[in-house]
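> Chain by chain, the residues run as shown.
Number of protein chains: 2
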Amino acid sequence: MFDLIVIGMGPGGYEAVLTALRKKLSVAIVEKSKLGGNCLNRACIPTKYLRSGAHTIEKLSKIKNYGINVENYSIDYKTAFESKEKAIGFLRKSLEQLLKSKKVPVFNGKGKIVGKNQVEVKYPDGKTEVIEGKNIIIATGSYPASVGKLNPDGKYIITTEDYMERLDTLPESMLVVGGGVAGCEIGYIAKIYGCNIYITELQDRLLPSQIISPEISKNLLKKFNSIGIKTFFNTTVEDFLIENEKINVKLSNGETITVDKILLTIGRKPNTNDIDTIGIEKDEKGFIKVNQHLQTNFENIYAIGDVVNSPMLAHIASYEAKIVLNNITSSEKKSPDYTLTPWAIFSGYEIGHVGLNEEMAKQQGMEVVSGYYPFMYNEKAVDELDSEGYVRLYFEKESKKIIGVDVVGIGASEIIHQIATFIKEGYTASDVHEFIYFHPSLSEIFAYASYDVAVGKLF
Amino acid sequence: MFDLIVIGMGPGGYEAVLTALRKKLSVAIVEKSKLGGNCLNRACIPTKYLRSGAHTIEKLSKIKNYGINVENYSIDYKTAFESKEKAIGFLRKSLEQLLKSKKVPVFNGKGKIVGKNQVEVKYPDGKTEVIEGKNIIIATGSYPASVGKLNPDGKYIITTEDYMERLDTLPESMLVVGGGVAGCEIGYIAKIYGCNIYITELQDRLLPSQIISPEISKNLLKKFNSIGIKTFFNTTVEDFLIENEKINVKLSNGETITVDKILLTIGRKPNTNDIDTIGIEKDEKGFIKVNQHLQTNFENIYAIGDVVNSPMLAHIASYEAKIVLNNITSSEKKSPDYTLTPWAIFSGYEIGHVGLNEEMAKQQGMEVVSGYYPFMYNEKAVDELDSEGYVRLYFEKESKKIIGVDVVGIGASEIIHQIATFIKEGYTASDVHEFIYFHPSLSEIFAYASYDVAVGKLF
Numbered sequence: 020m021f022d023l024i025v026i027g028m029g030p031g032g033y034e035a036v037l038t039a040l041r042k043k044l045s046v047a048i049v050e051k052s053k054l055g056g057n058c059l060n061r062a063c064i065p066t067k068y069l070r071s072g073a074h075t076i077e078k079l080s081k082i083k084n085y086g087i088n089v090e091n092y093s094i095d096y097k098t099a100f101e102s103k104e105k106a107i108g109f110l111r112k113s114l115e116q117l118l119k120s121k122k123v124p125v126f127n128g129k130g131k132i133v134g135k136n137q138v139e140v141k142y143p144d145g146k147t148e149v150i151e152g153k154n155i156i157i158a159t160g161s162y163p164a165s166v167g168k169l170n171p172d173g174k175y176i177i178t179t180e181d182y183m184e185r186l187d188t189l190p191e192s193m194l195v196v197g198g199g200v201a202g203c204e205i206g207y208i209a210k211i212y213g214c215n216i217y218i219t220e221l222q223d224r225l226l227p228s229q230i231i232s233p234e235i236s237k238n239l240l241k242k243f244n245s246i247g248i249k250t251f252f253n254t255t256v257e258d259f260l261i262e263n264e265k266i267n268v269k270l271s272n273g274e275t276i277t278v279d280k281i282l283l284t285i286g287r288k289p290n291t292n293d294i295d296t297i298g299i300e301k302d303e304k305g306f307i308k309v310n311q312h313l314q315t316n317f318e319n320i321y322a323i324g325d326v327v328n329s330p331m332l333a334h335i336a337s338y339e340a341k342i343v344l345n346n347i348t349s350s351e352k353k354s355p356d357y358t359l360t361p362w363a364i365f366s367g368y369e370i371g372h373v374g375l376n377e378e379m380a381k382q383q384g385m386e387v388v389s390g391y392y393p394f395m396y397n398e399k400a401v402d403e404l405d406s407e408g409y410v411r412l413y414f415e416k417e418s419k420k421i422i423g424v425d426v427v428g429i430g431a432s433e434i435i436h437q438i439a440t441f442i443k444e445g446y447t448a449s450d451v452h453e454f455i456y457f458h459p460s461l462s463e464i465f466a467y468a469s470y471d472v473a474v475g476k477l478f
Numbered sequence: 020m021f022d023l024i025v026i027g028m029g030p031g032g033y034e035a036v037l038t039a040l041r042k043k044l045s046v047a048i049v050e051k052s053k054l055g056g057n058c059l060n061r062a063c064i065p066t067k068y069l070r071s072g073a074h075t076i077e078k079l080s081k082i083k084n085y086g087i088n089v090e091n092y093s094i095d096y097k098t099a100f101e102s103k104e105k106a107i108g109f110l111r112k113s114l115e116q117l118l119k120s121k122k123v124p125v126f127n128g129k130g131k132i133v134g135k136n137q138v139e140v141k142y143p144d145g146k147t148e149v150i151e152g153k154n155i156i157i158a159t160g161s162y163p164a165s166v167g168k169l170n171p172d173g174k175y176i177i178t179t180e181d182y183m184e185r186l187d188t189l190p191e192s193m194l195v196v197g198g199g200v201a202g203c204e205i206g207y208i209a210k211i212y213g214c215n216i217y218i219t220e221l222q223d224r225l226l227p228s229q230i231i232s233p234e235i236s237k238n239l240l241k242k243f244n245s246i247g248i249k250t251f252f253n254t255t256v257e258d259f260l261i262e263n264e265k266i267n268v269k270l271s272n273g274e275t276i277t278v279d280k281i282l283l284t285i286g287r288k289p290n291t292n293d294i295d296t297i298g299i300e301k302d303e304k305g306f307i308k309v310n311q312h313l314q315t316n317f318e319n320i321y322a323i324g325d326v327v328n329s330p331m332l333a334h335i336a337s338y339e340a341k342i343v344l345n346n347i348t349s350s351e352k353k354s355p356d357y358t359l360t361p362w363a364i365f366s367g368y369e370i371g372h373v374g375l376n377e378e379m380a381k382q383q384g385m386e387v388v389s390g391y392y393p394f395m396y397n398e399k400a401v402d403e404l405d406s407e408g409y410v411r412l413y414f415e416k417e418s419k420k421i422i423g424v425d426v427v428g429i430g431a432s433e434i435i436h437q438i439a440t441f442i443k444e445g446y447t448a449s450d451v452h453e454f455i456y457f458h459p460s461l462s463e464i465f466a467y468a469s470y471d472v473a474v475g476k477l478f
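From first to last, the protein sequence lines stand for chains A and B. The opening position of the first sequence corresponds to residue 20 in our numbering, with each subsequent residue numbered one higher. The opening position of the second sequence corresponds to residue 20 in our numbering, with each subsequent residue numbered one higher.
Everything labelled a hint here was simulated from the structure, so no lab data went into it. Bear in mind that the values here come from a model prediction, so they are computed numbers and not experimental data. Among the clues, some could well be false.
It does not matter which identical chain is meant; a pair holds if it fits inside one copy or across any two.
Below, a list of computed lysine-lysine pairs in the DSSO-like style, where the Cα atoms sit at most 27 Å apart [as the list claims (entries may be wrong)]: (1) Lys-476 / Lys-288; (2) Lys-476 / Lys-121; (3) Lys-105 / Lys-242; (4) Lys-269 / Lys-119; (5) Lys-112 / Lys-249; (6) Lys-381 / Lys-308; (7) Lys-78 / Lys-174.
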């Protein structure tokens, strides 16, 4: 009997295994597809690879300022797609080799929990095998949702996974259904690489989430307009007709567009169908119910990542994995705390957020004061020829304690982390302002964005 | 009488003025040269601009991985130099306009303190004027040192300021005397832009400073070797002869080289000659003596930045400015604490450090354990095609509290800031490991670099 069986080898499962090995547990893996899960193979990592490519293409027009005269260049999406596969392949191979060197058994089939300590592995050829574990972690992730008549067929109507894993050549035009994170990320990439992009969004703005301030949506929309992405808000797909390899789409606003493909980016659903035969409890959306220690209704069976109702983020899956491994091996149980979850989006701008924004704070009955500074005057951003965007810091009005940050622009996904610690430690605007930041750095923008609140206004 | 007179408008003086204005003080500026000081006009900002250019040139060979086929390009240093001047000009203009809009008088001459409350301004035409202030801040910065026979002549033997402000065309070859920060930064830039570079260093490694671990020096040397920078350690310039517009240099190791220019990067000296007639106390190196509140021997006269014996860094000058402005306006006096000063170097690699490294900790009688992780397996670095380098975290062995960090590679100058806060708040290896970092991010490398110490070794 293994100490631990992990079903699903995405970022949650991977972290669980790594930690288990360091804690000297015997561990087995059940994975029906590629090691690394969606994150590595079809989502986070390939998206950021291609986004770096798109951002580099945009920057090409500026580097003459560095005395670099690019006389001629061409863009070839297929090469980008293939190089991305190579990069991912290298990372997946590293993971494979690590597991091999630690002699971790990997059962390449679909896992189903058939007893408190039993996982049945069903192989592609239909054969099955049952393995036993003292503890089991369900980390099977999620799959792309579909909506109405829009059922993915892999050719005309595709998912984000089709896009990232299989679409090695861009169509001439594509309708992205959904203006959330995935839609804004892939829409931007495809547009810059030469595909004509339309985005429909049910709500009235891009990135319609409480986490994202309307100010961010407005800035991103301006950028999308400037690069020629066409957006339709408060709009759905009413109907469509495929004719001569083209899709004629009728939108709910009465307009009609013709595209080559439709990309669905309307959220994800937990991979929990058929996960067990023993009655593991789920909520009405299919998420596995867990207690504060991430245990299911069976105390030795845990669930982490996209299968539980916490933020659907890779780093939350790995955070939960660490907590579960602590709870398996220690009598001092830990519980997850999601309040300082960092968010980042890589689209026309790099966008970062942590903590509360104005609306979230108001909903908690808090009075808010904010501080703003544009990257335009940040010397490091100027040096990098990348000085669009801004930082907004949020403070509780009375105490002037920092409660959150929005960053739009260069470095957003990195510099938010220091603010997470500032929030955790109860730093005031003065603490943020007087902290010693390297000069010139992007991070020092926080000293300027906190100036008004910490010291007083200039104008 | 002004509330405050600031002599010198570099990053220290600028911060002092900005803070004074926000605190509603009346303030006057005395500056003999350009607003922004060395940092903006001749050091930090232009260096990072040109370094971004050099790094971009190096990256050009990799971007075919993004499907960007650059068929032809040429490098023109003069354009880079001129664009850099434009970028700096924009920043300086913004500063000028800000001061104008706040009606801050700027006296464009050399300041000399001639009374406890009197500053004499000497204009370029020889005329003088005396202005009066309740408080005075000396923020006159520093100038490049020379050594032995090597006296800057602006043509053959140049300073870093000559290089940044005037050298708009690169020579064929240049000897950089000094392998410290400025030598490694400018040497790298000039090499990548096409100049043949030699570096002589008195000590046995690049960046010979206690702050810089030998491991960092070793990595940078490897990089310099790979791009063809020739280094001479334990070596000085014994003699030189200028003939036919070439300099024949005899080195102390017996070798002879011929170059077009010699760049001196052997440190800086405080601009304190002739600063006063009233007996402001200085140490034997010319640094102005200040107490823990940054007051000179005259309680209303303060000194900040390169003129005092603290780390010669722009952000330390502005940090000290904030402290002085507090001390001028509040009865609760503050004192500077330099222990968490962030250091960053932009050369063949971006390098960052904060806190203690192994040698510094040992000198304090501390036992150290460290954790290492290479960027090679950091997914974000892989996505950015920039995965050379590593992170090393230092912990006190017994408590496992984090005490310092070295970063070599992408994002070094930014991600060190979160570690500064971790150190300040007494975080342990487990705290560093369990912190929620965005995935994929460069910052999450800290979770991996702390894994061994926090959880246990894998191998």
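> A separate judgement is required for each hint: does it hold in the structure or not?
Verification of the hints:
In this assembly of identical chains, the alpha carbons of Lys-476 and Lys-288 never lie at most 27 Å apart, being 47 Å within a copy and 36 Å across copies at closest. Taking the shortest Cα distances, Lys-476 and Lys-121 sit within 27 Å of each other only across copies (12 Å), while inside one copy they are farther apart (59 Å). Proximity of Lys-105 to Lys-242 under the C-alpha cut-off of 27 Å is restricted to the inter-copy arrangement: shortest distance 25 Å between copies versus 31 Å within a copy. Neither within a single protomer nor between protomers do Lys-269 and Lys-119 lie at most 27 Å apart by alpha-carbon distance, with minima of 52 Å and 57 Å respectively.
Proximity of Lys-112 and Lys-249 under a CA criterion of 27 Å is satisfied in neither setting, with 39 Å inside one chain copy and 37 Å between copies. In this assembly of identical chains, the alpha carbons of Lys-381 and Lys-308 never lie at most 27 Å apart, being 30 Å within a copy and 50 Å across copies at closest. Proximity of Lys-78 to Lys-174 under the C-alpha cut-off of 27 Å is found in neither arrangement, the shortest distances being 32 Å within a copy and 36 Å between copies.
Checked against the numbered hints above, the structure breaks hints 1, 4, 5, 6 and 7 and satisfies the rest.
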